[in-house]
Each structure stands twice: as structure tokens, then as C-alpha cells.
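Read top to bottom, the protein sequences are chains H and A.
Quick note, the first sequence lines up with residues 1 to 243 if you use our numbering.
Quick note, the second sequence lines up with residues 1 to 243 if you use our numbering.
To be clear, the hints were calculated from the coordinates, so they are not data collected in a lab.
Just so we're clear, the structure is a prediction, and the values are computed from it rather than from any experiment.
Treat the hints loosely; a few may be bogus.
Since the list gives no way to pick out one identical chain from another, each pair is judged satisfied if it fits inside one copy or across any two copies.
Straight-line C-alpha distance at most 20 Å; calculated DMTMM-like pairs for lysine to aspartate or glutamate [said to hold, decoys possible]:
id, residue 1, residue 2
1, Lys-220, Asp-177
2, Lys-167, Asp-40
3, Lys-4, Glu-68
4, Lys-8, Glu-168
5, Lys-220, Glu-239
6, Lys-139, Asp-107
7, Lys-30, Glu-130
8, Lys-139, Glu-197
9, Lys-30, Glu-197
10, Lys-31, Glu-197
11, Lys-220, Glu-38
12, Lys-20, Glu-204
13, Lys-220, Glu-188
14, Lys-17, Glu-130
15, Lys-16, Asp-107
16, Lys-220, Asp-40
Protein chains: 2
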Amino acid sequence: MVSKNQKKLINSLHQKKYRKQHGLFVAEGKKVINELIEADLRLHSIFTLDASYFETSPDNTYIVTETELKSISFLTTPQVAIAIFHIPEVNAVNYQGLVLALDDVRDPGNLGTIIRLCDWFGITDLVCSEQTVDCFNPKVIQATMGSVTRVNIIYTNLQDFLSSQNKEIPVYGTFMDGDSIYQEQLPESGIIVMGNEANGISPEIEELVTKRIAIPRFGKTQKTESLNVATATAIILNEFRRG
Amino acid sequence: MVSKNQKKLINSLHQKKYRKQHGLFVAEGKKVINELIEADLRLHSIFTLDASYFETSPDNTYIVTETELKSISFLTTPQVAIAIFHIPEVNAVNYQGLVLALDDVRDPGNLGTIIRLCDWFGITDLVCSEQTVDCFNPKVIQATMGSVTRVNIIYTNLQDFLSSQNKEIPVYGTFMDGDSIYQEQLPESGIIVMGNEANGISPEIEELVTKRIAIPRFGKTQKTESLNVATATAIILNEFRRG
Numbered sequence: 001m002v003s004k005n006q007k008k009l010i011n012s013l014h015q016k017k018y019r020k021q022h023g024l025f026v027a028e029g030k031k032v033i034n035e036l037i038e039a040d041l042r043l044h045s046i047f048t049l050d051a052s053y054f055e056t057s058p059d060n061t062y063i064v065t066e067t068e069l070k071s072i073s074f075l076t077t078p079q080v081a082i083a084i085f086h087i088p089e090v091n092a093v094n095y096q097g098l099v100l101a102l103d104d105v106r107d108p109g110n111l112g113t114i115i116r117l118c119d120w121f122g123i124t125d126l127v128c129s130e131q132t133v134d135c136f137n138p139k140v141i142q143a144t145m146g147s148v149t150r151v152n153i154i155y156t157n158l159q160d161f162l163s164s165q166n167k168e169i170p171v172y173g174t175f176m177d178g179d180s181i182y183q184e185q186l187p188e189s190g191i192i193v194m195g196n197e198a199n200g201i202s203p204e205i206e207e208l209v210t211k212r213i214a215i216p217r218f219g220k221t222q223k224t225e226s227l228n229v230a231t232a233t234a235i236i237l238n239e240f241r242r243g
Numbered sequence: 001m002v003s004k005n006q007k008k009l010i011n012s013l014h015q016k017k018y019r020k021q022h023g024l025f026v027a028e029g030k031k032v033i034n035e036l037i038e039a040d041l042r043l044h045s046i047f048t049l050d051a052s053y054f055e056t057s058p059d060n061t062y063i064v065t066e067t068e069l070k071s072i073s074f075l076t077t078p079q080v081a082i083a084i085f086h087i088p089e090v091n092a093v094n095y096q097g098l099v100l101a102l103d104d105v106r107d108p109g110n111l112g113t114i115i116r117l118c119d120w121f122g123i124t125d126l127v128c129s130e131q132t133v134d135c136f137n138p139k140v141i142q143a144t145m146g147s148v149t150r151v152n153i154i155y156t157n158l159q160d161f162l163s164s165q166n167k168e169i170p171v172y173g174t175f176m177d178g179d180s181i182y183q184e185q186l187p188e189s190g191i192i193v194m195g196n197e198a199n200g201i202s203p204e205i206e207e208l209v210t211k212r213i214a215i216p217r218f219g220k221t222q223k224t225e226s227l228n229v230a231t232a233t234a235i236i237l238n239e240f241r242r243g
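Chain H with its partners taken away, still in its complex shape (with noise of 0.2 Å):
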């Protein structure tokens, strides 16, 4: 059963402010939980229909009815479960690889293939401006199927975490005018900064780009859209890393 407390506390978690003052998530949905404690994740409390599902201790493990799982469901269509988990702790950027930056990515969609994209790619370390949507609003962590636990993702000033790099370090950011990738000697190391779905790169963002890159486009008609920003990242990751 689910006590008063505890379904406060779990729709408190839809938002930002308590998942950061509480220091926890919630996930929904066996396969996602079971990634989650797979990968170590410190388990806060479990919400189920079965404890079978899950090997958990019985400390933190409540059975409940549909109707109980229904009221504190954050989708539609409600899973057999829903977990609390601790927020993992941040580690240092690692700078001897690809790190991928987002100025401003507002779609939970866009950020959960996002995520899922480095883990395929080996991209160990995603920096993401203060504005960019929570990886652990639930949509997110729907949509990363596990993957949010093998990136490193670290929100920040974007701008100052630029400014304080070595300048050394490649700066590549995609725009309409940029070169074209496939001319270009991809780095094995250097940082690559995808912009807002409608804005694309911010003014104060693009003044630190040191490369600026592009995807040509082969249709015949000048018309098309840009590429969606998750697709333009798959594109831009797979080139860095076919070498």
C-alpha cells in the first residue's frame, strides 16, 4: 500500500526543484527498474504488483493494487511498478575523449535519444546548459531505457564552461554555413556542442565555437526543414567516430 507521505513525495518528483531537493527520480515500468538496479543505482523504494519481479529487499518493497499504481503513474498507460531512486553523483569531465555539449535542448524526446546516442558511441561525458531539460524528468528516463546511467551528464554554465577550457580544445558546433563533415579530419578528442530545436547555437555560445561544422543536405529544394536536433546528432557521432 502507498501511504499519503509517500504519494506526495512521488508526484513532488515530477518536478525539477524537489527531484533536486530530495536528491531523487522516479522510473516506471520492470525493464527500466531492473536496468537501474542493475547498474548500481542506490534504490530508495519500490512500488509494485508483484515483489517477484524485482530482487529487492523487503525493507523497501510495497505491493500495491492497480488503482494504488494508477494514482502515482506518470504515464498514461501505468507499468506493473514504479521506483524511487537516489540521484547518482556527478563525476570530473574527461577530457581525453568526445565530449558532447547541448545549449539549451528543451525536448525530454530529444534528450532521452540524446543520451541513448553517447552510450551507443562511447561519448562518456555529456555537459549540458542549466536550460536544458532535466535527464531525470521521468519522460527522460522513459525514453533512455538505461542509458542515463552509463553517461556522465553534468549541467552547467555553458558559456563558462567553454570560456575555462584549454584552448587547445576543438570547439565544433553545426551550423547552415559550417563546412562540410565529410571534408573534415575528425578529432578523436575535442568538444561538440548541439543547439536548441528551434534556435539552434545561442550568440554567446556560437562566439566560442572554434569549428564550425555542417551536414550537407542532398535533397534538390531549398526548402527543407533543418535536421531535427537528436538525428543531427546521430549523424554528427557516427562521423567523429567512423573515422
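Given chain H, put chain A in place with the hints provided.
Then chain A, alone, in the frame of chain H:
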């Protein structure tokens, strides 16, 4: 003002069955509607807060109030206008270039992204299995931003379509155990098949694939989920086009 019959018609166009029956579909928002008009799609009628948003004839333009617009909108945040267009005719497939085929892609957002990618990479023909989400679904129309008018989208029995091809046309399919796309000589013409979100390419279609390819994974862990179908399509189309 919106008549009862017009309201009934617009509501019915939520459903594929009625879109097919009437040969009509709905688009919302100034930008999307103007792009469809510019692309010479035949306009059936337009319901707008202000006629000056569009260069249309008064015959099919209806001025509506915000409340009326809200009552016919498909969106949670209604736009300034809703238009009904005639579904354009489908052309025959041109085998001189690359053809993309979708084996039961179900998510409207994924299909929308894939249509934009076709437009970007100059893929003129997109062949969809009958179970693939309808490209005139309102969510797809909103996601494609006009690209839907620049790609020839054919719905057909994919198994029959692939079986009836000239055997010399290569059929590419993505599988975890395929050959690295980085090592392949990718041709300028051929068919690329992308599979369903949950199940990938179905066994019947797999039999018709002549070349199994894969996107290499760089992350250290083997736990990384497969890539989302839209991001995988982005990477594969980029590989075919980059030469």
C-alpha cells in the same frame, strides 16, 4: 464559423478509414498550412482566426473564433488555423535512386522524422508496409513540416513489393549481426529496409534482404539498447550519401 457538417468531417479525419474514404487530410498552423499551399497541394477548406495569414480564395476560407478553432483542433495547444487538403496522388517508384522501405514503423514521430530525413538526403520514394502508421495522420503532418509533399510515399504489401523486384537491385537491411556499414561499398541505387520499433525487420521481410548491414557500436558495455529507428535511419542514409 464552422458548420456541424464541417465539424463532423474534420473530426472524422482523425481516422485513417475516413481520410481514405474522403481523400482528405488535416493540417494545423500557419507555417505548415502555408508550406502545403506553396507545394501546390489542393486546398479543400481553411478555418482561420484571420484570413490575411494565407493567400487563399474567399470561397473556401472560413473565419472562426478561438473557441470554434479549439473545438476542431487535434492539438492540445491549438494553432491559429486548421486546413483540409486533398491527399495528393502517388507516383510510381523510381528505381534509379535509393528507395527507403519501412516494415511496420508504428510511431508517428518516427515516421515524421524519417520523412524529413528522406527530404534532406534526396530520397524521393518511401515505400511503407500497410501496417506502417499513415503519413496523413495529423501527428505525422505536424512533425514533417512540409517534407511530406516532397517525398513520394507509397503504402503497399512490402513482401510483394520486394519479391517482385529485379533480383539485381540490392535490398539492404539492418541487423545486429550485419556487416559494418563503414566497410561496405554502398551503391547509389538500391532498397534500404528499416524495421519496426520493437521487433525490427520481420522474418518474412528478412528473407528478402540480400545484404545484412549494421551500425557499429562504440560503447564499452553490451547493454546499450539498439538505436531508435529514426536515428538509425539518419546514420544509414548519411552513410549511403556521403560516398
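20 Å Cα threshold - placement of Glu-239 relative to Lys-220: between (23 Å within a copy, 18 Å between copies)
Given a CA cutoff of 20 Å, do Lys-16 and Asp-107 count as a within-copy pair, a between-copy pair, both, or neither? Intra 15 Å, inter 28 Å, cutoff 20 Å: intra-copy only.
My question is about Lys-20 and Glu-204: at a cut-off of 20 Å on alpha-carbon distance, are they close within one copy, between copies, both, or neither? Neither: 27 Å inside a copy, 49 Å across copies.
If the cut is 20 Å between Cα atoms, do Lys-220 and Asp-40 qualify within a copy, between copies, both or neither? Between. Shortest inter-copy distance 17 Å satisfies the 20 Å Cα cut-off; intra-copy 50 Å does not.
20 Å Cα cut-off: does Lys-220 pair with Glu-188 within a copy, between copies, both or neither? Classified as between; 16 Å across copies, 33 Å inside a copy.
Check Lys-8 against Glu-168 for me: Cα-Cα at most 20 Å, and say if that holds within a copy, between copies, both or neither. Close neither inside one copy (49 Å) nor across copies (63 Å); limit 20 Å.
Check Lys-30 against Glu-130 for me: Cα-Cα at most 20 Å, and say if that holds within a copy, between copies, both or neither. For Lys-30 and Glu-130, the Cα distance exceeds 20 Å both inside one copy (31 Å) and across copies (32 Å).
How would you classify Lys-220 and Asp-177 at a CA-CA limit of 20 Å: within, between, both, or neither? Close inside one copy (17 Å), not across copies (35 Å); limit 20 Å.
Give the relationship of Lys-17 and Glu-130 under a CA distance limit of 20 Å: within one copy only, between copies only, both, or neither. within (13 Å within a copy, 45 Å between copies)
Please work out whether the CA atoms of Lys-139 and Glu-197 approach to 20 Å or closer within one copy, between two copies, in both situations, or in neither? Answer is both: 17 Å inside a copy and 18 Å across each meet the 20 Å cutoff.
When Cα atoms must be at most 20 Å apart, do Lys-139 and Asp-107 count as within-copy, between-copy, both, or neither? both (9 Å within a copy, 16 Å between copies)
Alpha-carbon proximity between Lys-31 and Glu-197, which holds within one copy, between copies, both or neither at 20 Å: This pair counts as between: shortest inter-copy Cα distance 16 Å, intra-copy 30 Å.
The structure shown violates the earlier hints numbered 2, 4, 7 and 12.
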